[in-house]
Structure formats: C-alpha cells, structure tokens
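Trainee: One letter stands for each residue in the lines below.
There are 2 protein chains.
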Amino acid sequence: MLAYQKPCTIGDPVDDIDTPALVVCLNKLEENVGKMNTAMEKYPGVAVRPHVKTHKCPEVARMQMRAGAVGMCCQTLTEAEAMVGGGVADVFITNELVGKTKLRRLASLARQAAVSITVDDAANLQDISDVATEMGVTIHIAIEVNVGQDRCGVEPGEPAVSLAKLATSLPGVTFKGIHCYNGWNQHVRSTEERSNAVNKVVDLTRKTLEALKAAGLECPYVTGGGTGTFHFEAASKVFTEVQPGSYVFMDADYYKNLARDGNFDTEFLQSLFVLTTVQSAAASGERVVLDAGLKAVSLDSGVPMLSQRPDLTYHSGGDNHGIVTPGGDLPVGSKVWLIPGHCDPTVNLYDWIVGLRDGKVECVWPVSGRGPGN
Amino acid sequence: MLAYQKPCTIGDPVDDIDTPALVVCLNKLEENVGKMNTAMEKYPGVAVRPHVKTHKCPEVARMQMRAGAVGMCCQTLTEAEAMVGGGVADVFITNELVGKTKLRRLASLARQAAVSITVDDAANLQDISDVATEMGVTIHIAIEVNVGQDRCGVEPGEPAVSLAKLATSLPGVTFKGIHCYNGWNQHVRSTEERSNAVNKVVDLTRKTLEALKAAGLECPYVTGGGTGTFHFEAASKVFTEVQPGSYVFMDADYYKNLARDGNFDTEFLQSLFVLTTVQSAAASGERVVLDAGLKAVSLDSGVPMLSQRPDLTYHSGGDNHGIVTPGGDLPVGSKVWLIPGHCDPTVNLYDWIVGLRDGKVECVWPVSGRGPGN
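Here the protein sequences come in this chain order: A and B.
Numbering-wise, full-length UniProt numbering puts 292 at position 292 of the first sequence, and it's gapless, one number per residue.
Numbering-wise, full-length UniProt numbering puts 220 at position 220 of the second sequence, and it's gapless, one number per residue.
Bound-form chain A, shown alone (with noise of 0.2 Å):
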C-alpha cells in the first residue's frame, strides 16, 4: 500500500483530522449535486455527464450517477478504471490516448463498461480500431474539435469531416460525434464576456455540424461546457450534452467569477477545503506559518484563500509551508481553513477526501482516480 496513512477515522471530531488535509462539507456537497440536476431541468433534451478530473473518486460520481447523470467524463485512463471500478458503466475519455500499451487498457475497459474516447488523429483512430477488433470490443468516437482552446483537436469544418468519415470506415469503433470543448472560457470573469465566448465555440461547433450533414455523416452527439459556462452551451440547441465537473467542489479561482456577477453562477457553493494547522509562530507579529504548501495546495491559479478570513493572505512558502500574514492572532495548533486556487490539481496530491458532517467525519473517501495523467 502507498498511499500516506489516513489522517483520521469515521466518528473523529475535526480537532483529531490530521493535517493537512482535503475535507469536503458533505451537506454542501450534495447541495451541489442537486442543484446541478435542477439547473438541468431547463434544458430538455439535453444530458449531463460531469468530468471527474475534478474529484477522480468513485464515491462522488456515484452520487452524481444517482442524481441522474448518464455517465462520466474522464481525462486519463487511470480516472477512467477507476470509476469503471467503482461501478459507474458508461464513461468518456475526453483526451487522446496514445500507443498500444494504453489502448490495450482502453480496449479492456471496453469489456467492462460502455467507453466512448475523443480523436484528432488518423493514424491514432486507426490504431484504436487495431486494438479493439483484436480485443473484440467497440470502442466509441468523438472526433475533437478544435474551438478556440488550440491545445488538441482538428480544425472546424472539413478537418473533423475527414475523421468522422474514417471512423464510420473502420471495424472495432463507431462515429459517435464531436467533442467541442474550450476549457479557459470557465474563466473568463463576467457573466457577459463568458456568454460572448460560448458564442464563438457555438459557431464553431455548427459549421462543423454543417459540414458533417453535407458529408452525409449524422452526428448526434455533441459535447463540451464546464461550470463556468454549462448553461450557454445548454441552451444553444446545439450541444446534447455538457460536462461540468468543478460544481461538486468549486475553488478560489472559481469565486472569481462569483465575485464579479450576481447571476446564477452563485448556485454552486464552496463544498472543498484544505484543513491545515499553524506550525510556527515564532515571528507572529509579521506572520505564521501553516503545514500546507505546494504539495498541499495547487498554486496554478493562484494562492487559495484563507476561509472566513479575508484579513489574511496566503504566500507561498514552499513545498511544506504557507506562510500567512500579518496572522497575529493565531497560536501554534490553530487550524486554518484553506479555499484552494484550483480544485482538480489540489485533489490530485490526496489519496484520501475526508467527508465531514456536524463537525465529525463521515467517511474516507479514496481519490483512486489520481494520478500524473496515465
């Protein structure tokens, strides 16, 4: 076994949660799923299948399950085994998956579970359908669609046509649709400008449809949106489906957003928190220090906030320490919660998720899903 030890039990009180640690407020947490489920209400017709890059844990997709998604999206195949593993039956890896010893893991997933997976790459499709017909299994095909994100994906129009085609061609796999999916538009601050954007991947997205019916290909498949911008692509008559995945948790960066409009954004509430404790407060009139540092808490989106403390700011102080200022007023032993800056990479240093009610854990949930991206 790897994974560090536990940093409580089922039944402690918060003062016996070894820190640092990731606590998730369960009450919040569910609030969350549910409030994902009715905001999808308004949109007939139109499916959720929330990302567990997010939470990479099986015990959260299946309350998401429950809730009435139609199965999960996943960006590496270590997430996607592991909600097979944990019982979810139908996921969607939203990433390309590169050489035989990975698509052999694909294909055998494919035994267990309906898997479908994007593409931007001929001889990379082609190599899928190897392996699948080789395996016996099918394997489904979105074919990724480059909208603004330029990371992976084909060209709108002609590029995605020319895949689609190949894909309906070739024995092991089948054409499912398009996979149309711009992640920086989640952050882009107001509710207007973000709407604006979507409008750009919405158009980029129909030419694209456009030239698929031309070709003759149907496509009733087409996917993308995350909790910054879920609502737009819902509602644009062109999306069937959308794949919000920080909505469970959300994070500081996330709050941004919040802070800049009073819209429906708001719906989502701060479910996920570092739970850290001052180490040192040796020079505690200029600052103290907390035992949560870059292996504790993602700083790719900034610092995270200090909970219910807006008079104190976190610094980085290196991998093991944050250093807090001016923070006077806590002693040696206090514990400080933290809001992290980016949910899905902070999960991502935890082997564990404590689920904390009325102030006493719950459960010890495994984050079986984490990983470096195999």
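Treat the hints with caution; some may be incorrect.
Note: identical chains are not told apart, hence a pair may lie in one copy or across any two.
Said to hold, decoys possible - Here are the computed lysine-lysine pairs in the DSS-like style, where the Cα-Cα straight-line distance is at most 27 Å:
| hint | residue 1 | residue 2 |
| --- | --- | --- |
| 1 | Lys6 | Lys360 |
| 2 | Lys335 | Lys28 |
| 3 | Lys256 | Lys165 |
| 4 | Lys6 | Lys28 |
| 5 | Lys213 | Lys360 |
| 6 | Lys207 | Lys335 |
| 7 | Lys335 | Lys100 |
| 8 | Lys200 | Lys6 |
| 9 | Lys6 | Lys256 |
| 10 | Lys207 | Lys42 |
| 11 | Lys200 | Lys256 |
| 12 | Lys360 | Lys100 |
| 13 | Lys165 | Lys207 |
| 14 | Lys6 | Lys100 |
| 15 | Lys165 | Lys28 |
| 16 | Lys200 | Lys28 |
| 17 | Lys207 | Lys360 |
Just so you know, the hints here were simulated from the structure itself, not pulled from any lab data.
Starting from the known structure of chain A, fit chain B onto it as the hints suggest.
Mentor: Chain B in isolation, oriented as in the chain A frame:
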C-alpha cells in the same frame, strides 16, 4: 492499493514505458551520489545528511547511506516513516511537528531509530517532552534559528538560548544543536552572490553559538546548507553537517545556477527526467501536445526544459497537457524527455520512479514518502 499502476516492468525498453513517467538515469544518479562523497572529503569533520524531500524513496536513501551519509533529513513524518521502514537508522525531521497525533507517530519512530526534530516554540517542545516521556523514548531537539529564510525558526541569539535551556531541562528530550538553513540562498544565481548570502547565515549562526556558549550550553551540532550552497557551509568552520538533497537528481532551476558560473556546481549531472509522449499533432505547424501537464511536472520554479531540444519550448496546457512550440518535427507517439523545473515537488506527483540503465528498465521504485505533507 491506491497507487496508479506501475508504468513498466523490469527489462522493458524505453518505448514500453507508459507515460508520463518519472525516470532516473541510474548511472548518473550513482555518479552524483559518489561525487557528493568526494566533495565532502575536502571538509573533514563535517558530516553529510542528505535531504530525502528530493526523492522520498528509501532505495535512494540506502544508496546515500552506503556512500557515507550519517543519516537522512526528512521534511515530513511520512518521509521519516518511509525511511525508517526502509532501513535508515537515523532520521532528522527538519520541520516543526504540531499536535498529539503527529507527536505520537514521532515517538513511535523513536522506538525504531534515532530521531531528531526542529523546534521553535516552547509549548511545542513541552508537548514533545510529554509524549516522549509517556512513550518512554528520547527525542533529540535542534532549535530552528531564522537565518534569513523568514519562515519558521526563532531569531538568532537569545531566543535560541532560551529554547535550548528548556530542552536541556525537560525529560524525554535532549538538546542536540541548532538548525540554520536558508532555502532561498540555494537559488541565488552567481557563485559570488551565493557565497555572500551564506556569509550572512554563518554570521547569524556564529552569533547564536556565542550566545549559547555564554549561557554555558555546549552545541556540538550545527546543520544547514543545500545543493546550491553546501560547500560554503561546510568550509565555514561553524557547520558540523550539511543537508544537500537535489544533487541526486538536479533540475532546470539548479541548471540556471550552473549556466551562470563554471565552478564546482557543475559537478552534479541531470539524472531525473519526465518521459512523455506526443499525444496530438493536429496543429503540428504551430504546436504539438504532450501528455504531461501540471499533474506530471511541478511548475512552481518555471516550466520544464526539453532535453536535447533547446529549440523547443514547453508551455503549460493545464492539468494534463504540455504544449510545445514550434514542434513541427514531432509526430504523434514520439517520446519527449522533460527536465523538471523543480525536482522535489515533481517527484511528489508520482508513486513510481523508473530506474533506467543502458536503455532498459532496471528497477521501479516506490516513492513511499510521497504525500501532501503529513
């Protein structure tokens, strides 16, 4: 078993390693371990206690112990437990541990190995004494002195004396000496400026030693220094031990030191790489996309370099992707070797280190000290 699956098996060629993977070149690692030994022969009476926060891996620690290390420095209890479990008989935790849960784990370790720890707070020292007494063990105390890091540690001189006196008076603990480390100095780029920075550390350390002596306290143990500065501390006639860590692996940030001056820094070789695969070349005229994002390489000290490809630049593409420009000659499926910006937090993202020799996998080591900081 929570770890993601091993990326390869012993005997595999490079092409069969599943990516992203953390790979160490064993010849270079062994050369680095040997070179540290040779370097320290210049400083008789000064011991080397390498820091495991770099590798978190008992196999590497045992290699360092065989080469003459007197014990290992650890930053967390998880690291210390992994090292003692892996056969290291003397561990020094260069960090404050707070709270009964952690202190009981510490005392439990002291049943199996010689255990020392830094302290900068009287109440915390009292707690350590209480737990050690309760569990019938001895824990050795090094007072952490703030020599310019401005993080943990009491101020030089009298505040250190006061804690040292307390350590000598309490049961279950001994006063071992002082910990005088300034991490920021490791990354001062020019040798001359780095030497000047260490002179300030040495002055503050000497001031504290004089205050201890005036108070009638023997201080046979003075520890500090890292890969960037250990020569200066070792030559100071004040330090009795140095704590270099990164020298076993090196990284792109330390490489910036090397690039600035042609002196002894260059003695260590880059042995650690993140092996990645090109997963998308749909826009290969402009960019290609690697399967290694910020879950595979820590970006806190800048982006990774591409080994042997100084013409190419890595850009962050989020959690799971690295974007390489211009990248025109890298087809889908080709391997790219990244030199991490910062080795310590990059290693912390992995459960496995793949050891490579002559193009084949010789070992797959568990990173058993990994974790958020518990």
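Trainee: The structure should be examined with respect to each hint, and the outcome stated for every one.
Mentor: Results of checking the hints against the structure:
no.: 1; hint: Lys6 / Lys360; verdict: within (15 Å within a copy, 36 Å between copies)
no.: 2; hint: Lys335 / Lys28; verdict: within (20 Å within a copy, 43 Å between copies)
no.: 3; hint: Lys256 / Lys165; verdict: neither (42 Å within a copy, 49 Å between copies)
no.: 4; hint: Lys6 / Lys28; verdict: within (23 Å within a copy, 36 Å between copies)
no.: 5; hint: Lys213 / Lys360; verdict: neither (56 Å within a copy, 50 Å between copies)
no.: 6; hint: Lys207 / Lys335; verdict: neither (53 Å within a copy, 34 Å between copies)
no.: 7; hint: Lys335 / Lys100; verdict: between (48 Å within a copy, 14 Å between copies)
no.: 8; hint: Lys200 / Lys6; verdict: neither (46 Å within a copy, 42 Å between copies)
no.: 9; hint: Lys6 / Lys256; verdict: neither (32 Å within a copy, 39 Å between copies)
no.: 10; hint: Lys207 / Lys42; verdict: within (25 Å within a copy, 71 Å between copies)
no.: 11; hint: Lys200 / Lys256; verdict: within (23 Å within a copy, 42 Å between copies)
no.: 12; hint: Lys360 / Lys100; verdict: between (46 Å within a copy, 18 Å between copies)
no.: 13; hint: Lys165 / Lys207; verdict: within (17 Å within a copy, 77 Å between copies)
no.: 14; hint: Lys6 / Lys100; verdict: between (35 Å within a copy, 16 Å between copies)
no.: 15; hint: Lys165 / Lys28; verdict: neither (45 Å within a copy, 49 Å between copies)
no.: 16; hint: Lys200 / Lys28; verdict: neither (33 Å within a copy, 50 Å between copies)
no.: 17; hint: Lys207 / Lys360; verdict: neither (52 Å within a copy, 48 Å between copies)
Hint violations for this structure: numbers 3, 5, 6, 8, 9, 15, 16, 17, all remaining hints satisfied.
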